[in-house]
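Peer 1: Just need the whole structure built from these sequences, with the hints factored in.
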Amino acid sequence: MRSNFTQQFTLLLFSFFVSFQGLAQVSKFGVVTNDELTMKQYPLDTAAGAVILFDKGYTKFGARGIVMERHVRIKVLKKTGYEWANFEVPYIMKGKMLELKGITYNLENGVVQQSKLDPESAFDEKYYEDWYLKKFTLPNVKEGSVMDVTYTIQLVTAFYNLPAWEFQRTIPTAWSEYHAEIPNHITYKFLMQGYHPLHSSDKQSKAAYSATGTSHQYTWIMKDVPALREENFITTLKDYQTRIEFELQQIHFPGKPVQQVIGNWEEITKELMKNSLFGGQINGKTGFKNVVAPILAESKTREEAAEKIYDHVRTRMTWNKVYGFGPASLTLRKAYDDAKGNIGDINLLLIAMLREASFDANPVLVSTRNNGRPPLSSPLVTKFNYLVAQVEINGKEYLLDATEPLLPFGLLPERALNAEGHLIKTNASRWIALTPGTHSKFLTIEAAFTPQGELNGKMSESAGGYYALELRKALSEQGEEKFSESLAREAGNYKLAKPTIQAKDELRKPLQINYEVSSGGMGQLTDIIYLNPLLSFGKTENPLKLDERLYPVDFVHPIDETIIANYTIPDGYVVDEAPKGAVVSLPEDGGRFTFMVQQNGNQLQVMSRMSISKPLFYVPEYPYLKEFYNQIIAKHAEQIVLKKASAN
Amino acid sequence: MRYKLAVLPLLLWLALPFATIAARTADLTKGANVVVNSEETVFTVLSPASATTTYKVNLTILNENGLHRAKMYVPYDKLSKVNYLKGVSFDRNGKKIKSLKSSDVADVSAVSGVSLFEDNRMKIADLTHTMYPFVVEFEYQTTSSNMMFYPRWVPLDEENLSVAKSVFTVVMPAGMKMRYREQNLQSPVTIKKEGGYDIYIWQVNDLTSFKAEPYMPDFTELVPLVHTAPTTFEVQGYAGDMSTWQSFGQWMNKLNAGRDELPEATKAKIKALVADAKTKEEKVKRIYEYLQSNTRYVSIQLGIGGWQPFEASFVDSKGYGDCKALTNYTLSMLKVAGIDSYYALIRAGEDAPDLRDDFPSSQFNHVVLSVPMEQDTLWLECTSQTEAAGYSGSFTGNRKALLITPEGGKLVKTPVYTAAENTHHRTVKVKLDDKGNGTASAHTRYTGQDHEVYARLINSASPEDQRKWLYRNIGIPAFELNKFSLNLKKDRLPEVDETLELTLRQCATISGKRMFLTPNLMNKWNSTPNIIEKRQWDVERKMAYTEVDTIVYEVPSGYALEHKPSDTEHKTEFGSFKTTVKVDGQQVTYIRTLQLNKGRHKPEAYTKLLDFMNSIVKSDSQQLVFVKNVQ
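Chains as they are written, first to last, in the numbering used here: chain A, 79 to 726; chain B, 303 to 933.
Covered stretches of chain A, as calculated for chain B (at least 3 residues, CB under 8 angstroms):
| hint | segment |
| --- | --- |
| 1 | 149 to 161 |
| 2 | 219 to 231 |
| 3 | 386 to 399 |
| 4 | 551 to 561 |
| 5 | 617 to 628 |
Simulated restraints, written as ranges between beta carbons of each label pair:
| hint | chain 1 | residue 1 | chain 2 | residue 2 | range |
| --- | --- | --- | --- | --- | --- |
| 6 | B | A579 | A | M117 | 25 to 35 angstroms |
| 7 | A | A526 | B | I776 | 29 to 39 angstroms |
| 8 | B | K373 | A | G140 | 39 to 49 angstroms |
These are computed hints drawn from the structure, not numbers from a lab.
We treat Cβ as the ideally placed atom computed from N, Cα and C, and that holds for glycine.
Peer 2: Dropping the structure here:
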């Protein structure tokens, strides 16, 4: 799965450069062509509200830090493109955004009108810490306007963080070029991602950047980049965007030893384990003996002990909604005493306690779904924002996360289910799959018909995995009274009443809800009874309606939905018609749908089971997946007909 | 999206005689996540131009659903400041957990996402703890010079919160009159005179938690509440009197005075633009179109607490402004064309509670323009680049607005949209084959509030996104959308015409020799709200509309009808519902008419509303059954 994953996303490492000749796609600030002014629509995307005619960035290392010059020209085509006239530029150090200039060009009765951005009407808003936002909007923007904006910003050099360059935005970009002048003593790895190819790239030696060093100028150009589009069932749109990122590898000042910034996983593991805020908290004496000893004393098996320690951390600690794999508290003891902490605090605490109980427990670095794809090709800790615990018990591996109060032992929350995580373990660091649990739903219906066509019986719904988590969360938020109230309802012919909830607090068991189900006479002839065998619980809507798909479908986890219904047929009635059985399979064991109807005396049994057994489907599989759902919907709409034996 | 003046306290109207809320002996923890043990608000008016608010609260947080109350948010801006903010927390045994340090207080921007610039900020104090229950105590003081707003006291300000004791005190310098409006209280105000001050005191005790119900009136109508407002007040040197709508309007006139001057070149342009217009309405429409194609809405909330518009000349040179600036600009252009119009303050929003028209005070968040015509009034939404002239819709229709006339403020009604205006009429022709698959061509006309979502789709989505939206929103289980068109007709009552060409998958279900057909193709109701055992609140339906769906099927030959749903008709106080099914050879004609009214009903009516809704759900799932003829 891993190789597939990286292939799909064309994560490329650039090791060579094609030759590059200067292209006149970018003109000087303030030099706008007649074609740009008279353009009525963008031929490659005629529906676009605005198009970025060009976007040019030039970054270099100066005496006072990294300086980035930006020049962007945008054509407004429709009113829906107006929002592109509002700019928000984050920068550090108040007032240090230099040379902000903006002009709107309008063609009015054949005459070019210029409206200049008044620097007075740009606002500074404090963002966080040292960061400010420069906010401004261009004047006199109308359909047809061309907006030209240029500015220079300074960035702090301390971390040599080169900002990523986005070639792709949510409107099309005709031309995007980025230049980075990088001193030879600093080495970056260039990480390109996305679906759009480079037009050209280049590397040229530059004159001395300072008295002591030389530099190279790198160039990347893309043209005709389509707008970035949102779809459902994806991780985060950022993962699908075409952009380049810069990963600092090493710094080597002339005459000084090489400063290796990026190491390998072995070194990172060593570093982390040495770090007093990370490894220091879980190695050796943890100071939780007094908490762990009584738990061990009352546990019969190792599994039980691990689960009790997990339950203790999960119920005691509250996650403060702050991400990060490193702990925020000075010591885990402090976090434990405060009973709250960030992700790192809570799951490292769990690891510390498991280790105190002599388990082989280790941290796993994770990048959440919102944070984007994990850096499978580079040992890059800054890409992670989350941590879970891995523990081995009697040869079996478990992944644990104690930050969700209602999450059972061994299940990871959906936010953490993002491909793979990196196990941090001395001499045994490796990528491990973040295997999801299942979203499972099991309905059983036992009901009998009266000759009047009335239906009375019982239903039980058993929720497992992520579905159970979802229901337990709702139950906890609404309280049992309100939650039960929301379950009892009348839906057309069927009425669900007297819900009772079982296994509310036993997280490892499915949550079970029992109902009474009934249906009045259907106002139909009593010698024929029509019945939808799944009552109103069948599938009636395809979650995948569109006929094409750009990105893989990511369901996050497998899905399993089963309905088993038993109906007692009243005396004197026979089954006149019943749906035929069916089996539908997805290619490569991706999923399966089974439908069965069986009669046994006056008992009629109906079984429907849908399982999606893998979370991720690539674009070529999309039509099958869509058809799979269509077939289920069609089958679920079929009817059973009961007929009075005497009637013909 | 496009409204917003400054932050304003949510206010509301309609006092219901209401006494059952207080049950002295009640268990305050029942149904509660938070218990307010004691709360005290003292609002001290120092002069018409400034006041301080001192607030102190002690509350118990019972579980994690009440945890948000362990944070205290204190907003401030250029016209107000936070003098202090203190806090301390205690565990269940009364042992101190933590005293708030100044480093624990965050200071963040409170600018709403849509805004380019506002100066709103807030301080946030966090005493989050995790061993329940625990107690937090907060105390703060603010000083404000924005005296348009006096406080609103709402002890029960959310669900699942109960109150042991809450006191609200207003201290006025003697001779300065304060106005108030009480609602659902246990006891009215106590007034005393002390040391040159008039002191007003309200108190409530033992309020059990509020329980929300589907289709209830606005929350703030149902709970104990006191509104207060100034008589004379001052904001940044602009003095006014709020005791009548008229005088409030006179104050607005002061703010707007002299801000309607346009450059000569623009004046000439406007005069030329309307020179050959035949009617007054034609002139207004041309100027409105000029506004729509030359300006855009940008939210910049500054000046006199965000209440003074930018000058018309500013909008003229920059081509943008907020609701006040754009409205004032349009007013200025109309004036050049010799047309009088009025700036109108309004409380915009689809679910905005009604204006409390008997209590003049700052209850607005938006500004529109009202243009008197010979017969009626034309309302203009000046922040929209696409809206039809004269259409108010769900954003500003069906409510009262404060017209700012030269004589002062005057309350008037904006256009009302009833079930006759908000409609959809649909005709579909479906042809089915002997597998139950088929093709359909559907034509629908949406009017009034029903057209709004489609107009937005036309104005803001690309054809590709429109197609995606239709795929998501067409209520048919399995289909392909082969072709579609959407056409907007702008008018005082705008319309959208939609045509769809569809391929249907198993529209009818074949089981053995039978064919089942649910004639309601694409407008099915499939659920009803919760059953509530003992309904407490009135039932309120806020939107009226009419839907007529006519679906004509051509079923494959060789089938005989076995069962046909009986026609239904329900007439209730909430509306009416009617279906008919006619079978004529291979042709099935299904007609469904649903009309829902707006209105307010007694709590007991809820069961009847559910019955009515459920009869719609039932009817929508009914089927025709055909049997294949034996050859």
